[in-house]
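Trainee: Here is how the chains run, residue by residue.
Protein chains: 2
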Amino acid sequence: MTVSINGERLWGSLMEMAKIGATAKGGVNRIAFSDLDAQARDLFKTWAEDAGCPVRTDRFGNMFARRPGKNPQAPVVMAGSHLDSQPTGGKFDGAFGVLGALEVIRALNDNAIETDAPIEVVNWTNEEGCLFQPMIGSAVWTGLLPLQDALDMREDREGWTIQEGLERIGYSGQTELMGDYPVACYLEAHIEQGPVLEQAGEYVGIVDATQGQHWYDLTLTGQEAHAGPTPMAARRDALMGMSRIALEVDQIARDHPPGCGTVGRVDVFPNSPNTIPGRVVFSSDLRHPNDAVLSEMDVMFRERASTIAEEMGLNLDLKARTYIPPMPFSQPLADAVQAAAVASGKPWRRMYTGAGHDACNIARFLPTAMIFIPCREGISHNEAEHAEPEHVATGAQVLATTLLAAANGKIDFGISQ
Amino acid sequence: MTVSINGERLWGSLMEMAKIGATAKGGVNRIAFSDLDAQARDLFKTWAEDAGCPVRTDRFGNMFARRPGKNPQAPVVMAGSHLDSQPTGGKFDGAFGVLGALEVIRALNDNAIETDAPIEVVNWTNEEGCLFQPMIGSAVWTGLLPLQDALDMREDREGWTIQEGLERIGYSGQTELMGDYPVACYLEAHIEQGPVLEQAGEYVGIVDATQGQHWYDLTLTGQEAHAGPTPMAARRDALMGMSRIALEVDQIARDHPPGCGTVGRVDVFPNSPNTIPGRVVFSSDLRHPNDAVLSEMDVMFRERASTIAEEMGLNLDLKARTYIPPMPFSQPLADAVQAAAVASGKPWRRMYTGAGHDACNIARFLPTAMIFIPCREGISHNEAEHAEPEHVATGAQVLATTLLAAANGKIDFGISQ
Chain L
121 MTVSINGERL WGSLMEMAKI GATAKGGVNR IAFSDLDAQA RDLFKTWAED
171 AGCPVRTDRF GNMFARRPGK NPQAPVVMAG SHLDSQPTGG KFDGAFGVLG
221 ALEVIRALND NAIETDAPIE VVNWTNEEGC LFQPMIGSAV WTGLLPLQDA
271 LDMREDREGW TIQEGLERIG YSGQTELMGD YPVACYLEAH IEQGPVLEQA
321 GEYVGIVDAT QGQHWYDLTL TGQEAHAGPT PMAARRDALM GMSRIALEVD
371 QIARDHPPGC GTVGRVDVFP NSPNTIPGRV VFSSDLRHPN DAVLSEMDVM
421 FRERASTIAE EMGLNLDLKA RTYIPPMPFS QPLADAVQAA AVASGKPWRR
471 MYTGAGHDAC NIARFLPTAM IFIPCREGIS HNEAEHAEPE HVATGAQVLA
521 TTLLAAANGK IDFGISQ
Chain C
121 MTVSINGERL WGSLMEMAKI GATAKGGVNR IAFSDLDAQA RDLFKTWAED
171 AGCPVRTDRF GNMFARRPGK NPQAPVVMAG SHLDSQPTGG KFDGAFGVLG
221 ALEVIRALND NAIETDAPIE VVNWTNEEGC LFQPMIGSAV WTGLLPLQDA
271 LDMREDREGW TIQEGLERIG YSGQTELMGD YPVACYLEAH IEQGPVLEQA
321 GEYVGIVDAT QGQHWYDLTL TGQEAHAGPT PMAARRDALM GMSRIALEVD
371 QIARDHPPGC GTVGRVDVFP NSPNTIPGRV VFSSDLRHPN DAVLSEMDVM
421 FRERASTIAE EMGLNLDLKA RTYIPPMPFS QPLADAVQAA AVASGKPWRR
471 MYTGAGHDAC NIARFLPTAM IFIPCREGIS HNEAEHAEPE HVATGAQVLA
521 TTLLAAANGK IDFGISQ
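As they're listed, the protein sequences go chains L and C.
Taking our numbering, the leading residue of the first sequence gets 121, the next gets one more, and so forth.
Taking our numbering, the leading residue of the second sequence gets 121, the next gets one more, and so forth.
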């Protein structure tokens, strides 16, 4: 059994949705809990109901549009993403995953296809985390974050709580969280937010893992001194120490493909051209999809940073800020996505996600996979964000094929899940 | 003929002067044109008059205490420095040069020594440049900066002009500038503000040149991107480019002793741990006392910076901010200082000044040299600034011996001056 999605209809819905919070430069501004977030939710609800799917809202505002299956007791097959955006966000980040799943429902309706299991299209609350931390909606739904703790979170400037924010926009619901009904699996379609697919000319990324991450905050302390009268041999220059460590972060990543290494934040003190920097505060971020390799990179980084500091007479304060182990997604589900990609006839690759997504929370509890499509120059969180209609259509078609297989019990998730 | 200074009296005067604007941490705060600057000027005037030296003030507030010579027509022998300080400055920066010269006058008086030429002790206005640019007093006196331009300079926050500032503290004088009477030479005693003498265990630095300086403002532009999903090969990381260029600045200096290389200012954009820096703005400062070598260093720097930017796919914008050629001081005057240092029996070296001083302005017009003494850990522009009494006394004795020789026509400045 197959189903064909309507790429033009999906593109039309994406453009219609992008009018809500549209910015002058072609992006969208739909910060979670804003009036524009509410308008986007209302439109999604209308569209879902028009497609015959009643919409429930849970106590954290997550929205679930359910298309019934032949077997109402069968574990639900779920797909979605988020409709909130960064203040200067793009038209596709999140919206593609929600409206792509809605298009699957519409296509099933077009062909009067009834699936065995129910299908739910979900819109997660506050994925972007502009005012709070990101991905709280899925964290609450899965139980990673206690509901009440999340509802009590307070906005910094105006002081309202998330509970109050949800009530204000009319999306404080009453329905159950994850543990209260059986869910078979979760699929999330999304733009890549990186350049890999575009550069390779591929249409689909089958995401079967997350990168792990070691993030440190470092402070190098040397001796602030006048740039003129201080001979090179007498210097303890914290900026030169930072420069050497930064280049090691870069080199360690290159020596362990497909690892990544980034020094994104650097603050220099006193930051005056005429003064040798006495102190530099900076970040180091190493990522790799294999935990053993990541661990090797981490040991190497800490050793080299210490050695450099010692050689240069600098004091190194190294604080571990975050360690997130890599996490595999469901391989059987990714295999099913791959089969759908093969069926699409377009070039694809298996890959991992470097960015965080609600799927990363859900993968800890349920069989999960993601479907990436290229975005122009890898640019995201930016009004210039753009995806090509043919990539959008292919990604949604792969989602449709996989959802149909999952909802008809054609995917064996295996004992590991 | 010899004269012996009184080290204890000089130390006492330094400590007495340091009470004006004394800070809790043992430094001084005597910003130019402040009430405390006026108090320091008043005290200096009283002491100079007590030593039989009438004090004149020129139209820019520079103060000249003259001890007459046997021959009133003989070109004046001049020594001094400045009594203004940084807001959290030290007791010795500037004050040592003024009060050291005053101590020479007192010692000459003690021994009733009459010199052939008059001697003038000078206190330059606004050496530190806390509210305006530094070293304006000597720049105006020598004619480097037009008097009226300098008087019209306006303080940023309160909007008063230097003319008004001088009138307010009662030091807007009427006497002539440099060109209006003959001056033989200028000597300035000062703490080193670097670690060279202290580390070598030397008491006196005979300063016979300035470093030259090439200062650039650089902007490296790459591509801002998400630290997670962007593979190393796809990155154009401006921070890594800056790090490589910074290490070249350091290496070029080390390869050309006694050159110095400093990257003192670095601003990273957007400066977020999770984002590959798309832009870094930074300074590069190369110095060397030999102009040919400095030029070689400069060419090397520009070539390597361009190569690095090209290799890394970064755009490099390189703006020359300052080029100051190295300038030799008067070698005959420095030789006389050296003879005085030898006579002191203490270890000494010939050296150049890395920091700017009024002497650097004056050296362009008159035979000039400086006398450095060690300061603890090379620290200056800091309340912790400290000089040892024995170094202070030795420096003042070397100044006395040299001034006496100069004022008695014992130094042949040669045809080059």
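Treat the hints as calculated values from the structure; they're not laboratory data.
Everything numeric in this text was worked out from a predicted model, so none of it was measured.
A portion of the hints provided could be inaccurate.
A pair holds if it fits inside one copy or across any two, identical chains being indistinguishable in the list.
[Stated by the list, open to error] The list that follows gives simulated cross-link-like pairs (lysine to any residue, SDA-like), each with its CA atoms no further than 25 Å apart:
#: 1; residue 1: K439; residue 2: D387
#: 2; residue 1: K145; residue 2: P390
#: 3; residue 1: K139; residue 2: G172
#: 4; residue 1: K466; residue 2: E510
#: 5; residue 1: K439; residue 2: P390
#: 6; residue 1: K439; residue 2: N391
#: 7; residue 1: K439; residue 2: N394
#: 8; residue 1: K466; residue 2: A354
#: 9; residue 1: K145; residue 2: T341
#: 10; residue 1: K530; residue 2: E318
#: 11; residue 1: K165; residue 2: R441
#: 12; residue 1: K145; residue 2: N394
#: 13; residue 1: K145; residue 2: E318
#: 14; residue 1: K165; residue 2: G132
#: 15; residue 1: K165; residue 2: P448
#: 16; residue 1: K190; residue 2: V303
#: 17; residue 1: K439; residue 2: R274
Trainee: All hints, please: hold or fail.
Mentor: Consistency of the hints with the structure:
Taking identical chains as interchangeable, the C-alpha atoms of K439 and D387 lie at most 25 Å apart whether they share a chain (16 Å) or sit on different chains (22 Å). In this assembly of identical chains, K145 and P390 lie within 25 Å of each other by CA distance solely across copies; the values are 20 Å between and 37 Å within a copy. Taking identical chains as interchangeable, the C-alpha atoms of K139 and G172 lie at most 25 Å apart only when both belong to the same chain, with a minimum of 24 Å there against 86 Å between chains. Taking CA atoms no more than 25 Å apart as the test, K466 paired with E510 passes inside one copy only; the shortest distance there is 10 Å, against 84 Å between copies.
In this assembly of identical chains, the alpha carbons of K439 and P390 lie at most 25 Å apart whether taken from the same copy (22 Å) or from different copies (22 Å). In this homomeric assembly, K439 and N391 come within 25 Å of each other (Cα to Cα) both inside a single copy, at 23 Å, and across copies, at 18 Å. Within a single copy, K439 and N394 get their C-alpha atoms only as close as 30 Å, which misses the 25 Å cut-off; across copies the closest is 16 Å, which meets it. For a Cα distance limit of 25 Å, the shortest separation of K466 from A354 across copies, 23 Å, qualifies, whereas the shortest one inside one copy, 62 Å, does not.
Taking the closest pair of Cα atoms, K145 and T341 come within 25 Å of each other only across two copies (22 Å); inside a single copy the shortest separation is 43 Å, beyond that limit. In this homomeric assembly, K530 and E318 never come within 25 Å of each other (Cα to Cα): the closest approach is 31 Å inside a single copy and 81 Å across copies. In the homo-oligomer, the alpha carbons of K165 and R441 never lie at most 25 Å apart, since the shortest distance is 39 Å inside one protomer and 60 Å across protomers. Taking the closest pair of Cα atoms, K145 and N394 come within 25 Å of each other only across two copies (24 Å); inside a single copy the shortest separation is 41 Å, beyond that limit.
Taking identical chains as interchangeable, the C-alpha atoms of K145 and E318 lie at most 25 Å apart only when both belong to the same chain, with a minimum of 23 Å there against 61 Å between chains. For the homomeric pair K165 and G132, the shortest alpha-carbon distance inside one copy (17 Å) is at most 25 Å, but the shortest distance between copies (85 Å) is not. When the C-alpha separation of K165 and P448 is checked against a cutoff of 25 Å, the pair qualifies neither within a copy, at 33 Å, nor between copies, at 81 Å. When the C-alpha separation of K190 and V303 is checked against a cutoff of 25 Å, the pair qualifies only within one copy, where the shortest distance is 15 Å, while the shortest distance between copies is 107 Å.
In this homomeric assembly, K439 and R274 never come within 25 Å of each other (Cα to Cα): the closest approach is 27 Å inside a single copy and 46 Å across copies.
The structure fails hints 10, 11, 15 and 17 (numbered hints given earlier, in ascending order).
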